[in-house]
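Number of protein chains: 4
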Amino acid sequence: MSKRRLEAFSDGVIAILITIMVLELRTPHGTSWDALREDVPVLLAYVLSFANLGIYWNNHHHMLAAVSRVSGAALWANLHLLFWLSLIPFATAWMSENHLPPVPVAAYGMVLLAAAIAYYLLQGRLLSIAGKHSLLASAIGTDAKGKASPIMYCVGIGLSFVSQWLGLAVYIAVALMWLIPDPRVERTLAAQRDDGGKSST
Amino acid sequence: MSKRRLEAFSDGVIAILITIMVLELRTPHGTSWDALREDVPVLLAYVLSFANLGIYWNNHHHMLAAVSRVSGAALWANLHLLFWLSLIPFATAWMSENHLPPVPVAAYGMVLLAAAIAYYLLQGRLLSIAGKHSLLASAIGTDAKGKASPIMYCVGIGLSFVSQWLGLAVYIAVALMWLIPDPRVERTLAAQRDDGGKSST
Amino acid sequence: MSKRRLEAFSDGVIAILITIMVLELRTPHGTSWDALREDVPVLLAYVLSFANLGIYWNNHHHMLAAVSRVSGAALWANLHLLFWLSLIPFATAWMSENHLPPVPVAAYGMVLLAAAIAYYLLQGRLLSIAGKHSLLASAIGTDAKGKASPIMYCVGIGLSFVSQWLGLAVYIAVALMWLIPDPRVERTLAAQRDDGGKSST
Amino acid sequence: MSKRRLEAFSDGVIAILITIMVLELRTPHGTSWDALREDVPVLLAYVLSFANLGIYWNNHHHMLAAVSRVSGAALWANLHLLFWLSLIPFATAWMSENHLPPVPVAAYGMVLLAAAIAYYLLQGRLLSIAGKHSLLASAIGTDAKGKASPIMYCVGIGLSFVSQWLGLAVYIAVALMWLIPDPRVERTLAAQRDDGGKSST
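Protein chains in written order, with this note's numbering: chain A, 1 to 201; chain B, 1 to 201; chain C, 1 to 201; chain D, 1 to 201.
In short, the hints are calculated from the structure, not lab data.
Just so you know, not all the hints are guaranteed correct.
No copy is singled out in the list; a pair is fine if it fits within one copy or between any two copies.
Result set (SDA-like, lysine to any residue): computed pairs, CA atoms no more than 25 angstroms apart in a straight line [as the list claims (entries may be wrong)]:
| id | residue 1 | residue 2 |
| --- | --- | --- |
| 1 | Lys145 | Ser2 |
| 2 | Lys147 | Ala137 |
| 3 | Lys3 | Ala169 |
| 4 | Lys132 | Ser2 |
| 5 | Lys132 | Val67 |
| 6 | Lys132 | Ala51 |
| 7 | Lys132 | His62 |
As the structure is a computational prediction, the values presented were derived from the model and not from experiment.
Bound-form chain A, shown alone:
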């Protein structure tokens, strides 16, 4: 089964999610810089969610580039991932409309946790198609970041009941961990390209 439409549909959904959050950015009440300052927590929450969705798109892009076909089960695993990602704007809005109180910050972390697990399940589906000695398997390697993320989200959710700022700090730390580029995948893909692998385009 071709991976083209799975990529196109995921691109569409993530592109919409990353942009509809701007509809939540309410126009400030007033025309002064002070009026804008009240929107600062909302804008920060938007930046965090934009970064998280950008990371998912980026990783999705890399992961799909390393496989050549998908299965029906992978389509469902992908829709499951998109479902949890689709709740990010909702969780962002709840968190930011109320100036970042503890319960919505914890709920935001739970959505990120569910998305991380859904991504892990999708990766497993794709690995079972591609095989243990595939390009995908070598690109993923030990998957240290993928395993650390859910644990860190659990810590963040717990800490957000102590102080929401601690919880948010952990979520930001996870995002920064992913934003730092991972040289392994690109090196593996570059090596493959040099071997003449034109089929991955």
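Got chain A sorted already, so can you dock chains B, C and D onto it with the hints?
Only chains B, C and D this time, still in chain A's reference frame:
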């Protein structure tokens, strides 16, 4: 006529429909878990509609993968399907804003019924292009699910006037029937791929 | 210059326009069929705009299928068309929120008129690239529909000041004129395909 | 790394941004032409933002057409650009809801400035992959417009505190500067095509 843009446009519309429903998910009034609990019927309706749109995208993907060209009539049949799918967010909102009362639950079933009929018409259009001995015809087979769905929706619409929960139970049953993967189509497609059919990509 | 991204971008914009109109479909006030009845003019306006955008997408699809390359000027002509199409949801909302009064009905017709002119300009751009003896030129032919539409829209705009129902009747007539499939384009494309023209895919 | 999904994702995000602004176009209060007249500043702001996003899409299209591969760093530079573009609807809404007061007009210019810088950074990333003697390098040339734009935006931001109309005039001047087609890029691309460069499709 190439099927590429029909796929791209359908992907776009379904991707938007599946995500704009989150704009209906109103931010809870308050920052406690209790505030979130009031949103539970809304969230459940969202899950059901997300699943239904996901099923349509998935089936659309499979059906189009089995044909190699489309006609002008198929473009219109596809737009007709997209029209009814586009009413799912509206029906979901009516149903969920009012905590699932009978009439909106029946109206939701009618939209699903119309979409199922539109899908059936599109399938007929594509079959008439592909022919009786085509890959598509063998992939569809007796089309038991496709024939059972409209009947079940009619039953669900009727039952929702007795009790909305009975109506919803039928709609959920139809969704679950489709969520269980159908091994036939993938087997047929896999068989074709082994025969060297590269043109379907 | 490749036409692929022009098609993809246009597909994206039209797909979004055709679906965001459902966000204007306000949830009925109440849970009875009577509550839904108040939405009937809104739903009818939605159907008309859905049909118009569907027609534009369909014609755009056919027109681009008949050319093999685009120019920078064609990109701008395409953005100009998309601009007027993007005002359709706005005009639809103004017309339908107020139960179809004369001035908004006339304004709706003006947006359709501007879109028809923009489409004509885009067609001219593409024709000047493709040449008088091109596939596109023979597919367009005398362009009777394309020339009749702006005139009919002008008539409809004028009539909507007499009675909005007359104006709407003309707009509906134009849409029906286009919804009837045009056998020429498909015949021309089919003829080309039989000649072995694989490059149009 | 293939550039296809980067193009598709960017197309999706820009297509959504350019269209969700119409959701901000509030239905006029009333059904007369006077009611529409109150929306004129909103409509003008919409036209300016539509033009700006159209220019970015157009330039993005040209730039990506001139490269054959992208890197992970280019993906992030692209997401950075999309982030600033995503704030254009927000800045447009703030500016237009309040009938173009100075501070929101300055803020609008700052978003345009940040987007221009982000575009410059993305261009630098792509140049470092393509090399100094690449098609991209010759297409960009001295990049006079790219260098003039940020300076003009700074001037516009400053002038908007003197009078918002002066600031807006500068922003409009930048847009007009870009709307005038640049013959160099197309000439370079056309020259390459004549050399038989089919790989850029």
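Hint check results:
1. Lys145 / Ser2: between (28 angstroms within a copy, 24 angstroms between copies)
2. Lys147 / Ala137: Close inside one copy (15 angstroms), not across copies (42 angstroms); limit 25 angstroms.
3. Lys3 / Ala169: For Lys3 and Ala169, the Cα distance exceeds 25 angstroms both inside one copy (36 angstroms) and across copies (34 angstroms).
4. Lys132 / Ser2: Both, since 21 angstroms and 24 angstroms are each at most 25 angstroms.
5. Lys132 / Val67: within (12 angstroms within a copy, 33 angstroms between copies)
6. Lys132 / Ala51: Cα proximity of Lys132 and Ala51: none, with 31 angstroms in one copy and 31 angstroms across.
7. Lys132 / His62: within (17 angstroms within a copy, 27 angstroms between copies)
The structure fails hints 3, 6 (numbered hints given earlier, in ascending order).
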